[in-house]
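K.L.:
Chains as they are written, first to last, in the numbering used here: chain A, 1 to 372; chain B, 1 to 372.
Careful: at least some of the hints might be erroneous.
Straight-line Cα separation of at most 27 Å, DSSO-like style, residue types lysine-lysine; simulated pairs [unchecked claim]:
#	chain 1	residue 1	chain 2	residue 2
1	B	LYS223	B	LYS87
2	A	LYS132	A	LYS156
3	B	LYS2	A	LYS266
4	A	LYS138	B	LYS223
5	A	LYS2	B	LYS138
6	B	LYS133	B	LYS163
7	B	LYS163	B	LYS49
8	A	LYS223	B	LYS87
9	A	LYS221	B	LYS87
10	A	LYS223	B	LYS138
Just so you know, these hints were derived from the structure itself, not from any lab.
Number of protein chains: 2
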Amino acid sequence: MKVESFIPPLRTLMGPGPSDINPRVLAAMARPTIGHLDPRFIELMDSIKELLKYAFKTQNEVTFPISGPGSAGMEACFANLVEEGDKVLVCINGVFGQRMYENVLRNGGVPIVIEDSWGEPIDLNKVEDALKKDDDIKIISFVHAETSTGVLSDAKALGQIAKDKIIIADTVTSLAGSPLYVDQWGLDAVYSGSQKCLSAPPGLSPVSFSEKALSKIKTRKSKVKSWFLDLNLVLNYWSGDQARSYHHTAPINSLYALHESLVLLKEEGLENAWKRHHDLSSYLENQLKGLGFEYLVHPDYRTPQLNAVTIPEKIKDKLFREILLNQYNIEIGAGLGPLAGSIFRIGLMGASCTYKNIDYLINAIKRISINY
Amino acid sequence: MKVESFIPPLRTLMGPGPSDINPRVLAAMARPTIGHLDPRFIELMDSIKELLKYAFKTQNEVTFPISGPGSAGMEACFANLVEEGDKVLVCINGVFGQRMYENVLRNGGVPIVIEDSWGEPIDLNKVEDALKKDDDIKIISFVHAETSTGVLSDAKALGQIAKDKIIIADTVTSLAGSPLYVDQWGLDAVYSGSQKCLSAPPGLSPVSFSEKALSKIKTRKSKVKSWFLDLNLVLNYWSGDQARSYHHTAPINSLYALHESLVLLKEEGLENAWKRHHDLSSYLENQLKGLGFEYLVHPDYRTPQLNAVTIPEKIKDKLFREILLNQYNIEIGAGLGPLAGSIFRIGLMGASCTYKNIDYLINAIKRISINY
Numbered sequence: 001m002k003v004e005s006f007i008p009p010l011r012t013l014m015g016p017g018p019s020d021i022n023p024r025v026l027a028a029m030a031r032p033t034i035g036h037l038d039p040r041f042i043e044l045m046d047s048i049k050e051l052l053k054y055a056f057k058t059q060n061e062v063t064f065p066i067s068g069p070g071s072a073g074m075e076a077c078f079a080n081l082v083e084e085g086d087k088v089l090v091c092i093n094g095v096f097g098q099r100m101y102e103n104v105l106r107n108g109g110v111p112i113v114i115e116d117s118w119g120e121p122i123d124l125n126k127v128e129d130a131l132k133k134d135d136d137i138k139i140i141s142f143v144h145a146e147t148s149t150g151v152l153s154d155a156k157a158l159g160q161i162a163k164d165k166i167i168i169a170d171t172v173t174s175l176a177g178s179p180l181y182v183d184q185w186g187l188d189a190v191y192s193g194s195q196k197c198l199s200a201p202p203g204l205s206p207v208s209f210s211e212k213a214l215s216k217i218k219t220r221k222s223k224v225k226s227w228f229l230d231l232n233l234v235l236n237y238w239s240g241d242q243a244r245s246y247h248h249t250a251p252i253n254s255l256y257a258l259h260e261s262l263v264l265l266k267e268e269g270l271e272n273a274w275k276r277h278h279d280l281s282s283y284l285e286n287q288l289k290g291l292g293f294e295y296l297v298h299p300d301y302r303t304p305q306l307n308a309v310t311i312p313e314k315i316k317d318k319l320f321r322e323i324l325l326n327q328y329n330i331e332i333g334a335g336l337g338p339l340a341g342s343i344f345r346i347g348l349m350g351a352s353c354t355y356k357n358i359d360y361l362i363n364a365i366k367r368i369s370i371n372y
Numbered sequence: 001m002k003v004e005s006f007i008p009p010l011r012t013l014m015g016p017g018p019s020d021i022n023p024r025v026l027a028a029m030a031r032p033t034i035g036h037l038d039p040r041f042i043e044l045m046d047s048i049k050e051l052l053k054y055a056f057k058t059q060n061e062v063t064f065p066i067s068g069p070g071s072a073g074m075e076a077c078f079a080n081l082v083e084e085g086d087k088v089l090v091c092i093n094g095v096f097g098q099r100m101y102e103n104v105l106r107n108g109g110v111p112i113v114i115e116d117s118w119g120e121p122i123d124l125n126k127v128e129d130a131l132k133k134d135d136d137i138k139i140i141s142f143v144h145a146e147t148s149t150g151v152l153s154d155a156k157a158l159g160q161i162a163k164d165k166i167i168i169a170d171t172v173t174s175l176a177g178s179p180l181y182v183d184q185w186g187l188d189a190v191y192s193g194s195q196k197c198l199s200a201p202p203g204l205s206p207v208s209f210s211e212k213a214l215s216k217i218k219t220r221k222s223k224v225k226s227w228f229l230d231l232n233l234v235l236n237y238w239s240g241d242q243a244r245s246y247h248h249t250a251p252i253n254s255l256y257a258l259h260e261s262l263v264l265l266k267e268e269g270l271e272n273a274w275k276r277h278h279d280l281s282s283y284l285e286n287q288l289k290g291l292g293f294e295y296l297v298h299p300d301y302r303t304p305q306l307n308a309v310t311i312p313e314k315i316k317d318k319l320f321r322e323i324l325l326n327q328y329n330i331e332i333g334a335g336l337g338p339l340a341g342s343i344f345r346i347g348l349m350g351a352s353c354t355y356k357n358i359d360y361l362i363n364a365i366k367r368i369s370i371n372y
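Work out the full structure: start from the sequences and follow the hints.
P.N.:
The structure is reproduced here in structure tokens:
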């Protein structure tokens, strides 16, 4: 067994996440660990909650990071909100909608599925029809920005259509990259990830729950199937006054990092961050089109931070990504599921969304193509 | 809203975890993030698995860190192993045994409880009797080192008594601090935490599953209630050959840190680490007894890394801990549950287990007591 310290290569992360991390965030992560019940740590928790409310555009008191990756955040929403027999309308137009379906099943819910093509947004008419057809539907769930395709669905309109239901939205890729108004749009439970447009290391999942969602959770007839993610318990640690009671040991240093990434977001301004993602995605698009790449997704519903482009015939998917990684230290994403082999997913998330990265990527593609 | 970087105080962590972190581990955590499917990251994953096998003294192929704190590791064991109606013998002698009970219930199992006093180890006779009385018991679960009391139960003997059952053991506090032989003792599913005697930041839970455990998981009739923790899915990412398929985004930087902490453990040698915990705990004991503290737990079954001592009458629990924290930056732990207010829990875990820390603590206690 080779036993030596691991020194990672210095990559440029332009895939579907994790994204590049600002050195200030990495430095924060390496600060000395303190206890999870330390009064100074409680202050940090409060500050993280305030900054997440800013990022989500919400006044929801219950806004905090789950101590696990986005998948744990997804599960926190479904495990707490879905009870045995609850009908849940699940909108699927990519990988992450499918996961929602699995989550409904495992929590004893009854999923009712609406499917749209990968690369298309959720069809509002179908949702409207499905809700009309079945009064018993209690919850609707959808992915705001599908990381598998780069499609942005109309969360605002979905919020209107389903305003009498509990709305669960996956905002993993949209948070801090695209306009997102949790309160205005009436989203009741949202989850995200630290490693996308917030550009903190992976491992935390910011969530936010509305009063409507909390009242469903508080009046559950059965216990949440997950002890670790049971909000009734987690909130004894993350909410309330000074006295926080121990539930689990929070990932202290990861929270230092998330906090610093949120401080950076506040310094830039949320709307400025949205604009940066929008503008630089247009710049990337012009460059990529000049090289023969076509976008999978129509511009009307494309999310700027995840650019899915079809691979020109002369380029071999895996080989090309390997050259990018090995010769240029650039990571881009492969296609998932039915799109494997036919698209690249080029991320412009958070700290990765810079002219410097785009110019480097475009010129690397040019150089590889010449020698191909 | 005050928006500024968070600079934590420099604490000496002598509570029940997190423990002090070696600067090499903090430095590892701050290295540049790479992707969770990066070939270099796959190498790191393999190295972590090998080192965890070393730490657990196991050849179990399925030995890896769950992407969440110890509570998530506990849930991974119960959610995967317990099926609807499974009878589980749960040994409770502190807080963490109680959590096991909750985990059995939430996964649809039928808990059969054996209770021992807080401060006493699990009574082997009771376990033997319970197993004789009911042939249907499929699983037995116990806590090796109870962090709430500092009691070390006889995991070796329990492994013998229950060798026909699936044995789940909580090794959160014991791993790397006390002798632990997962294979020799016949433990089938164990979970631990990164922030105790491994002295990495909190947020990861090393687990290990025997072939017997895996075969129960593979022949389940129902799906695991947690998608995030379903081993059948997680192992597509953590096991197998080169081709790892995406399940969730691993907490990259936290894994850098865990790896470095394991490299440090290998450099010291596991048996040397056990001995250090043992020897320094004796040293601490002598000092504390000189100051009027009494140990809660009999020396025959006391775990060296967590020293539970009754608080002398003249010392006020909360005030005293506050002075230690505010004037000396020393964190020690309070009592939990029925022991709240009557004991201190003094941790000597991993990098916190040094003469330097003990001398500093003892002298701080002396200085405070003089001015009290």
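K.L.:
For each hint, tell me whether it holds in the structure or not.
P.N.:
So, going through the hints one by one against the coordinates:
A threshold of 27 Å between alpha carbons decides the hint, and for B/LYS223 with B/LYS87 the separation of about 18 Å falls inside it, so the pair holds. At most 27 Å may separate the alpha-carbon atoms for a hinted pair to count; A/LYS132 and A/LYS156 meet this at roughly 19 Å. As the CA atoms of B/LYS2 and A/LYS266 are separated by approximately 11 Å, the hinted pair is consistent with the 27 Å bound. A C-alpha spacing of about 24 Å is found between A/LYS138 and B/LYS223, which places the hinted pair at or below 27 Å, so the restraint holds.
Taking the CA atoms of A/LYS2 and B/LYS138, the gap is near 39 Å; set against the 27 Å cutoff, the hint is violated. Taken as a hint, the B/LYS133 and B/LYS163 pair is honoured in the structure, with Cα atoms around 16 Å apart against an allowance of 27 Å. Between B/LYS163 and B/LYS49, the direct Cα distance comes to roughly 25 Å. Compliance with the 27 Å bound is thereby established for this hinted pair. The suggested pairing of A/LYS223 with B/LYS87 holds, with an alpha-carbon distance near 19 Å, which does not exceed 27 Å.
For the hint linking A/LYS221 to B/LYS87, the alpha-carbon distance of about 24 Å falls within 27 Å, and the restraint holds. About 24 Å separates the Cα atoms of A/LYS223 and B/LYS138, which keeps this hinted pair within 27 Å; it holds.
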